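> Okay, here's what each chain looks like letter by letter:
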Amino acid sequence: MKVDIYGLSKYFENRIRLGIMSILIVNDSYDFNSLKSALGVTDGNLASHLRSLEENELIKVNKKFIGKKPNTSYSATVKGEKLFRNHLKALEEIIRKQ
Amino acid sequence: MENQSEYIEDLRIIKKVMEESSRFLSLSGLSGIFAGLIAIAGAAVAVFVFLDGRFILSGNFFNSYTAPELNLLKINLTVLAISVLVLALAMSIWFSWRKSVKMGLRMWTPVSRRFLTNLIAPLVSGGILITILFFHQQWQLVLPSMLIFYGLALVSATKFTYNDIFYLGLIEIVSGLLAAALPAYGIILWSFGFGLLHIAYGLMMYRKYER
Chain A
1 MKVDIYGLSK YFENRIRLGI MSILIVNDSY DFNSLKSALG VTDGNLASHL
51 RSLEENELIK VNKKFIGKKP NTSYSATVKG EKLFRNHLKA LEEIIRKQ
Chain B
1001 MENQSEYIED LRIIKKVMEE SSRFLSLSGL SGIFAGLIAI AGAAVAVFVF
1051 LDGRFILSGN FFNSYTAPEL NLLKINLTVL AISVLVLALA MSIWFSWRKS
1101 VKMGLRMWTP VSRRFLTNLI APLVSGGILI TILFFHQQWQ LVLPSMLIFY
1151 GLALVSATKF TYNDIFYLGL IEIVSGLLAA ALPAYGIILW SFGFGLLHIA
1201 YGLMMYRKYE R
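Protein sequences, first through last, are from chains A and B.
Every letter in the first sequence is one number past the one before it in this note's numbering, and letter 55, counting from 1, is 55.
So the mapping is simple: this note's numbering equals the position in the second sequence, first residue as 1, plus 1000.
Next up, chain A with everything else stripped away, as it sits in the complex (with noise of 0.2 Å):
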């Protein structure tokens, strides 16, 4: 993954992606279905953006079925929060010092 000398990653510029690693950095989990509602995207997009942060280890994914129900929810991962941390921290510096 790609960072510059700041910390800030230009995966993140994508804003479903940055909304999606906010929610998880503050919660444990959060399943599909809360997730789509909370950043109001649609399921395919949320799907490929997901997949992307699962393929470079951002995030989990935990399945599960509540009864017959399959139910899907998604946490960060150690390397997922220090990339994401670093690239917050990066953006607040930045306007810090304009």
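Keep in mind that the hints were calculated from the coordinates and are not lab data.
Values in this document were obtained by computation on a predicted structure and should not be read as measured data.
Accuracy of the hints is not assured; some may be wrong.
[Claimed, not checked] With a cut-off of at most 30 Å between alpha-carbon atoms, the simulated DSS-like pairs for lysine-lysine come out as follows:
1) B/1016 to A/36
2) A/89 to B/1015
3) A/97 to A/79
4) A/97 to B/1015
5) A/36 to B/1159
6) B/1102 to A/60
[Unchecked claim] Sample of chain A residues lacking proximity to chain B, with all beta carbon distances greater than 10 Å (derived):
7) 15
8) 37
9) 42
10) 45
11) 47
12) 51
13) 52
14) 54
15) 68
16) 77
17) 78
18) 92
19) 98
We put the CB at the ideal spot given by N, CA and C, even for glycine.
Dock chain B against the given chain A, drawing on the hints supplied.
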């Protein structure tokens, strides 16, 4: 720098999403104000309709009643207490729903569920204890228990909503402990905790977050 405004927008989104996903923000100050008014109305009915206008009850107050009178009084006060509770709850839910619509917030989210479970666990324990106290005729502990368990519920739920609720909870607990120590002043302390305090807190919350 051309990215400057983009960065500011990014930060705004992060802050908003974090806050909305980790705190139940639909809680309305108006709920507090109306719950307080209902509580005071309830206490006034209890004092002036059922207790001969006395709001300081000495230890032997109930000795002046005959057994059937005392039974009727118990039923009346229980019905009154349940009505006050149901009415205050209904108002709270309605005002929270209204605020969530007005502010474009969702009401049923993972964090609102956590807020509710943290609120309900102490409340249900308190409710069961009060029922037990009632059947053991430990009247003097009923009002203090309401205040103490309600306060504990607020303290436990505060991490999923506005921090202000924590102090409201603490004052409720202290009022409850005082009421346990000074049973004669139970009704006064109960009216303070559920009435005045709710109104004051509701007004403060409303001015702070909803204007």
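> Regarding the pair residue 36 of chain A and residue 1159 of chain B, is the alpha-carbon distance no greater than 30 Å?
holds, 24 Å
> Is the straight-line distance between the alpha-carbon of residue 97 of chain A and that of residue 79 of chain A 30 Å or less?
Distance ~27 Å between residue 97 of chain A and residue 79 of chain A Cα, so the pair holds.
> Check the hint pairing residue 1016 of chain B with residue 36 of chain A against an upper bound of 30 Å on the C-alpha distance.
holds, 15 Å
> Beyond 10 Å from chain B, beta-carbon-wise, is residue 78 of chain A?
holds, 19 Å
> Once the closest CB in chain B is found, is it more than 10 Å from residue 45 of chain A?
holds, 16 Å
> Under the criterion that the straight-line Cα-Cα distance not exceed 30 Å, is the pair residue 1102 of chain B, residue 60 of chain A satisfied?
Distance of about 35 Å is beyond 30 Å: violated.
> Mind verifying the non-interface call on residue 37 of chain A? Its CB should be farther than 10 Å from each CB in chain B.
violated, 6 Å
> Since residue 68 of chain A was said not to touch the interface, does its Cβ keep a gap of more than 10 Å from each Cβ of chain B?
For residue 68 of chain A, whose nearest Cβ neighbour in chain B is about 21 Å away, the distance exceeds 10 Å, so it holds.
> Can you confirm whether the C-alpha distance between residue 97 of chain A and residue 1015 of chain B stays at or below 30 Å?
holds, 20 Å
> Would you check whether the claim that residue 15 of chain A is not at the interface survives, using Cβ distances to chain B and the 10 Å cut-off?
Non-interface label fails for residue 15 of chain A: nearest chain B Cβ at 6 Å, not farther than 10 Å.
> Confirm or reject the statement that residue 92 of chain A sits farther than 10 Å, beta carbon to beta carbon, from all of chain B.
violated, 7 Å
> Beyond 10 Å from every Cβ of chain B: is that where the Cβ of residue 54 of chain A lies?
holds, 19 Å
Against the hints set out earlier in the document, violations occur for numbers 6, 7, 8, 18, 19.
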